[in-house]
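*Asks:* Sequence order for the protein chains is A and B.
Per the working numbering: the first sequence ends with 300, consecutive numbering throughout.
Per the working numbering: the second sequence ends with 300, consecutive numbering throughout.
Keep in mind that the hints were calculated from the coordinates and are not lab data.
All residues carry an ideal CB built from backbone N, CA and C; glycine is no exception.
Some hints could be false.
[As the list claims (entries may be wrong)] Covered stretches of chain A, as calculated for chain B (at least 3 residues, CB under 8 Å): (1) 86-97; (2) 196-209; (3) 221-229; (4) 256-264.
[Claimed, not checked] Partial list, computed: chain A residues near chain B (C-beta under 8 Å): (5) Tyr-19; (6) Phe-216; (7) Ile-298.
2 protein chains.
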Amino acid sequence: MSLLVVGSVALDTIETPYGKKNRIMGGSSIYFSYSASLFGPVNLVSVIGKDFPLEELEFLKARKVDVKGLKMEPGKTFAWCGRYIGDMCKAETISTELNTFGTFNPVIPDKYKKSDYVFLANGSPILQMQVLKQIKPPKLVFADTMNLWINTEKKALLKLISQIDGLILNNDEIKELTGMHHIVAAAKEILKWGPRFLVIKKGEHGALLISKDTFFAIPGYPVEVIRDPTGAGDSFAGGMMGYLAKTNKISTTNIKKALLYGNTVASFTIEDFGLERLKRVSPRKINERYKSLKAMISV
Amino acid sequence: MSLLVVGSVALDTIETPYGKKNRIMGGSSIYFSYSASLFGPVNLVSVIGKDFPLEELEFLKARKVDVKGLKMEPGKTFAWCGRYIGDMCKAETISTELNTFGTFNPVIPDKYKKSDYVFLANGSPILQMQVLKQIKPPKLVFADTMNLWINTEKKALLKLISQIDGLILNNDEIKELTGMHHIVAAAKEILKWGPRFLVIKKGEHGALLISKDTFFAIPGYPVEVIRDPTGAGDSFAGGMMGYLAKTNKISTTNIKKALLYGNTVASFTIEDFGLERLKRVSPRKINERYKSLKAMISV
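Throw the hints in and build the complete structure from the sequences for me.
*Replies:* Below, the structure written as structure tokens:
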């Protein structure tokens with residue numbers, strides 16, 4: 002089934018205890034689509050600037066990521082510069098230059114307007130809503146967000162949340178969005194606002210799927226060395242949506258499996274900088290690790 | 002099979018957003034034995050002072066906790082006073098008066114010396130070692146510890162760790178004990194020091210069981226309201242060891258089930274102050290919630 006992602010493309014400068022990389026390809030839609038493409042084709046809508054190294058797109062095209070919706074605008078590409086220290090749980094942002102992404106006006110190509118599965122990657126909820134308005138109601142729409150939008154665009158965010166099937170948040174975001182300390186109570190509150198599914202990303206502690214009648218928990222895959230956590234969340238979403246689009250079944254059991262695939266893909270992403278590890282991973286390796294992860298919750 | 006616990010009995014003064022309780026019965030060995038007694042008889046070795054309200058022991062006796070190893074010494078009972086605020090993840094200690102527990106010299110009654118299952122609750126590793134020296138090697142010994150002993154008695158703690166089957170730690174303790182940020186690497190390091198099993202308590206994020214060939218993760222049971230987190234860790238250990246002593250099978254699968262039972266019991270403990278919720282819980286309720294918890298990791 003067709004899968005569409007709308008989000009950012011960035012040039013990331015990243016420093017971790019394992020080294021430093023300058024202006025490598027990143028951004029939510031890139032991590033998402035590269036991860037989802039392990040399961041099937043992906044259509045990407047985003048924006049880049051004139052400084053973007055176009056040869057990088059070849060990696061995406063080779064993986065059946067359709068980049069016809071990627072627009073080049075005058076100006077520079079979104080640039081993020083960050084650092085991870087200590088337990089590397091949280092990025093310290095050194096600088097953010099929105100550049101062309103700051104004025105991004107997503108135009109969905111006609112042939113993407115009937116996408117079955119849609120992921121609205123992290124971005125302003127106003128922009129996310131613009132995407133929703135352009136497309137025929139899909140089988141499944143998931144959206145991601147962040148603290149910035151919870152604080153600055155809450156009204157628009159609540160409106161968006163009322164119109165999507167699933168929301169992906171991390172532990173801090175769910176507390177901030179609801180003003181509640183207790184995850185379960187907070188999750189139940191958000192489910193009242195509209196979405197059928199809530200996925201809570203907890204980093205090393207794994208992820209939760211919460212719906213009206215489901216509470217499902219998976220651990221983080223215990224990787225030996227985390228070299229760069231950048232893109233973990235979008236890789237997770239990409240693996241999850243990629244698996245769902247491939248199998249085209251929105252049952253609770255299938256979404257549980259999709260979460261396990263999401264965590265599996267993300268566990269590879271963080272083993273090296275940027276997309277390096279994902280570029281080398283094979284479907285066989287994905288399936289092996291998926292089975293290991295599943296065994297970690299089997300009694 | 003026979004189960005022995007050696008640890009503290011305390012009179013706790015606890016304040017949470019849900020109220021305040023003065024000098025209620027608590028302490029590691031109390032939460033442990035009360036929880037373990039949901040599965041079978043428990044033998045308790047500890048110390049109290051002259052101020053201890055002896056009628057409180059009737060609750061324990063009614064649950065087949067043998068308190069013949071509970072010694073009354075001149076002076077006062079160990080008294081802890083603490084507060085939980087916000088997300089109630091961590092207790093803020095207002096005061097600790099060790100009193101009779103500060104000079105506790107555990108003497109194991111002869112009839113407990115051949116215990117099959119032993120839990121060395123949180124206490125000085127020197128004291129924990131004194132217990133080990135008095136008993137015939139049991140089928141399974143688990144120990145708990147805390148940051149205080151990691152910082153002040155590390156040498157004795159490492160010696161103890163080399164002589165036990167299993168160690169229970171929380172996320173912070175494992176990092177502090179090994180100086181490592183990464184849980185998996187830290188766990189592997191500790192397994193080299195002697196224990197076969199490592200159990201990592203992660204509060205709302207559940208628990209991990211790590212051995213040479215096992216990595217098993219369970220979520221925290223999503224309780225609706227947490228009124229008082231005191232005793233969660235010892236209730237977890239009590240449920241786990243109680244189930245193991247009852248079933249008398251030290252296989253990986255059985256320890257996984259024991260972890261689920263441990264988390265189940267702890268989830269009841271935190272629903273009310275002190276032992277209040279545990280006093281009201283029935284074996285049927287335990288089994289119902291155990292099944293729910295197991296379903297939360299079933300695909």
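*Asks:* For each hint, tell me whether it holds in the structure or not.
*Replies:* Structure-based check of all given hints:
1. Check result for the region 86-97 of chain A against chain B: holds, 3 residues qualifying (beta carbon to beta carbon below 8 Å, three or more required).
2. Proximity of the region 196-209 of chain A to chain B, defined as three or more residues with a beta carbon under 8 Å from a beta carbon of that chain, is established by the 5 residues found.
3. By the rule of at least three residues with a Cβ nearer than 8 Å to a Cβ of chain B, the coverage given for the region 221-229 of chain A holds, with 5 such residues.
4. By the rule of at least three residues with a Cβ nearer than 8 Å to a Cβ of chain B, the coverage given for the region 256-264 of chain A holds, with 3 such residues.
5. Interface restraint check: Tyr-19 (chain A) against chain B, minimum CB-CB distance 12 Å, threshold 8 Å, status violated.
6. Given the 8 Å rule on beta carbons, the hint for Phe-216 (chain A) holds: about 5 Å separates it from the nearest Cβ of chain B.
7. Interface restraint check for Ile-298 (chain A): the shortest CB-CB distance to chain B comes to about 4 Å, inside 8 Å, so the restraint holds.
Of the numbered hints given earlier, the model fails hint 5 alone.
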